[in-house]
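Residues per chain are reported as follows:
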Amino acid sequence: MDVLPILLDWLPYLLSGIASTLGLVLAALGLGILLGLPMALGQVYGGRPIRWAVGIYVWFFRGLPILVLLFLFWFGIFPAIGLGHYSAFVVGAVVLGLRGAAYQSQIFRGAIQSVGEGQMIAARSLGMSRFTAIHSVILPQAMRIALPGWSNEYPNILTDSAVCYAIGVVELLTITARIVTQTHITIPIYLATAGIFIILNYGGLKLLHRLEARVAIPGFGTGAM
Amino acid sequence: MNNDEIVLKVEDIHKSFGGIEVLRGVSFDVRRGETKVFIGPSGTGKSTLLRCINQLTIPDRGRVWLDGEEVTNSGARINHFRQKIGMVFQNFFLFDHLTALKNVELALLKVRGMGKAEAREKALTELRQVGMEDWANHYPAELSGGQAQRVSIARALAMDPDVILFDEPTSALDPELTREVLEVMKKLARNGMTMLVVTHEMGFACSVANEVLFMENGVVAEQGSPDLLLNDPQFTRMKDFIGRIDSRMSD
Amino acid sequence: MDQTVFLFDILLPALLQGLIVTLQLIVCSAPFGFALGIAVAVGRQYGHPVISWFCKTFVFLIKGTPLLLLLFILYFGLPSIGITFTAFTASVLGFILCNGAYNAEYIRGALISIKDGQMVAARSLGMTRWQAIKNVILPQALRRAIPGLSNEFIYLIKYSSLAYMLTVVELAGAGKQVATKYFLYTESFAAVGIVYLVLVSVTTIAVNILEKKVAIPGTVRATPAAQL
Chain A
134 MDVLPILLDW LPYLLSGIAS TLGLVLAALG LGILLGLPMA LGQVYGGRPI
184 RWAVGIYVWF FRGLPILVLL FLFWFGIFPA IGLGHYSAFV VGAVVLGLRG
234 AAYQSQIFRG AIQSVGEGQM IAARSLGMSR FTAIHSVILP QAMRIALPGW
284 SNEYPNILTD SAVCYAIGVV ELLTITARIV TQTHITIPIY LATAGIFIIL
334 NYGGLKLLHR LEARVAIPGF GTGAM
Chain B
17 MNNDEIVLKV EDIHKSFGGI EVLRGVSFDV RRGETKVFIG PSGTGKSTLL
67 RCINQLTIPD RGRVWLDGEE VTNSGARINH FRQKIGMVFQ NFFLFDHLTA
117 LKNVELALLK VRGMGKAEAR EKALTELRQV GMEDWANHYP AELSGGQAQR
167 VSIARALAMD PDVILFDEPT SALDPELTRE VLEVMKKLAR NGMTMLVVTH
217 EMGFACSVAN EVLFMENGVV AEQGSPDLLL NDPQFTRMKD FIGRIDSRMS
267 D
Chain C
4 MDQTVFLFDI LLPALLQGLI VTLQLIVCSA PFGFALGIAV AVGRQYGHPV
54 ISWFCKTFVF LIKGTPLLLL LFILYFGLPS IGITFTAFTA SVLGFILCNG
104 AYNAEYIRGA LISIKDGQMV AARSLGMTRW QAIKNVILPQ ALRRAIPGLS
154 NEFIYLIKYS SLAYMLTVVE LAGAGKQVAT KYFLYTESFA AVGIVYLVLV
204 SVTTIAVNIL EKKVAIPGTV RATPAAQL
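Protein chains in written order, with our numbering: chain A, 134 to 358; chain B, 17 to 267; chain C, 4 to 231.
One should not assume that every hint holds.
[Unchecked claim] Coverage of chain A stretches by chain C, computed from C-beta distances (three or more under 8 Å per stretch; other residues unrestricted):
1. 198-212
2. 248-256
3. 282-295
4. 323-333
For the record, the hints were derived by calculation from the structure and aren't laboratory data. Note that the structure is predicted; figures quoted are calculated from it, not measured. Quick reminder that beta carbons are idealized off the backbone N, C-alpha and C, glycines included.
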């Protein structure tokens, strides 16, 4: 059985799966920052109700299995609030993003808290408002501190994205399963997909680490987190 | 006790680290019940020498005998010799997860294969020797440095070693704590324990050592009784060294 | 249909059945995942270079592959070369491999953090390398690895739901079956979610108690408490 030609035949299909998987991951990472950062700020600087609400959110999204979250949103919540027409891809991306936000908010929170209190005091002593101090003094430092931890969320989201198979998102694993069904070639195809995931995983991490190096400030926060 | 019996024989030890020769041929004999003190500037290989004796560091050249048996090149039998050659470290190296008592017991149980009751009895005896019996159930992090070092001496004693190597046992301690450890060591020396001690404590060297070896640049530069090295005009290098320390201390 | 009838007569009994399977999955996986983690970490850190390389590669491969794909390989793939597992066994195997690989990383980190002096002192007393690892290094390292290991245990609880993708009707699967049959999706999955939240929260509390219990007196707890 010669697998390589078969794989090549299916290559465009596989590539579309890779694109879909990467789409899920990028959407989730983006949504994760978009929601996670305000949540982190809320948890550090917000009043009690906000801290409480964020705490519940984080507890909920980190406590549930990704599979159950996907089922809950795909079969339950989205149809129930009249968004049943959205595709599985959208629901998958949203769920990964909401869950990612829960994890990432805690990374950002840790980073914000690790910026010394002196920074805030110094900024305020110069007449900056609290908002300006957070925006132009605390966050630029905190984001750099958070970056390594944040990068490490990428492999988690990537491997979790495969679970979107369960609600029928046509991503890499779904396509792999389809090719297996069509060709009856199992292990070589699974291993090829595993190889693709591994490359995406460590390749993506490498890119992120390069980004870390780029935004690094000499002598600042090296290995802080 | 036969005082002329040679327990430990060290012959022509050489050791280099990364091209730098730390030990350049060190030899000496140790008689049973004797206390030898090694003195000298830091970086002259004193600690390395001790570690070469029980093969925690493998010397590049040279041999070591314990009771006539070769310790160097002894393969797996080295663990037998290490039981007979106790060691006490500058930073104690107590097992952080075990109480003082269990620190002393562990090797009795696992290496000597002693029964539980017997090991406990023995460990308590050794802790009593160093005045730490009341602290038997405390953990290393709960002990002062001096107490921890006394426990580590008990741990070495428990194996009934032929000789104990002390690697700067008081260098990490405050003067007050140093004294309590030195008292224990003096008592051991009086009771006939064979000891090799690397230290900067001249007072201890003068009162306890049968022989002082002054090491410099990886060799034994001067060797003799403390009295001889300090008072005989033909020996100058150790006196110079001590003078340098004293003037630095009084700064 | 009456809500209470659905909840108490249909959903909860089904979830209880599923919960039992979930607990079976966890109980069958966790001890071996723990043991595998120790073996791989020790092999990587102290083993012969060849063994060390194998351990490193194992972790690299498992961490790079989605767990669901690993489960597919074990359950759908291996029969093609004549190795057939039940869905339950394949799931447990997958969980052990995955849990073991991640545990190994935490344990290795802890092994590295133990100061050299501990090994030196143990060897100076005549212990062999393995005696020293077993009696001196590991007991300390495992304590330090508790926060990480408990995180992985919590992941195991959550990811045990993937067994449903191999047709094992565990907690998530039981919820799915009820939801599909009665068209009560949000309610069913919310109930499933609550059970997981309880499991995870109870575990978190239990781990914190365990950590205090095995803490070495006098040492400050350097690592933060386990997080979900």
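Quiz prompt | Structure versus earlier hints - violations, ascending order | solution = 2
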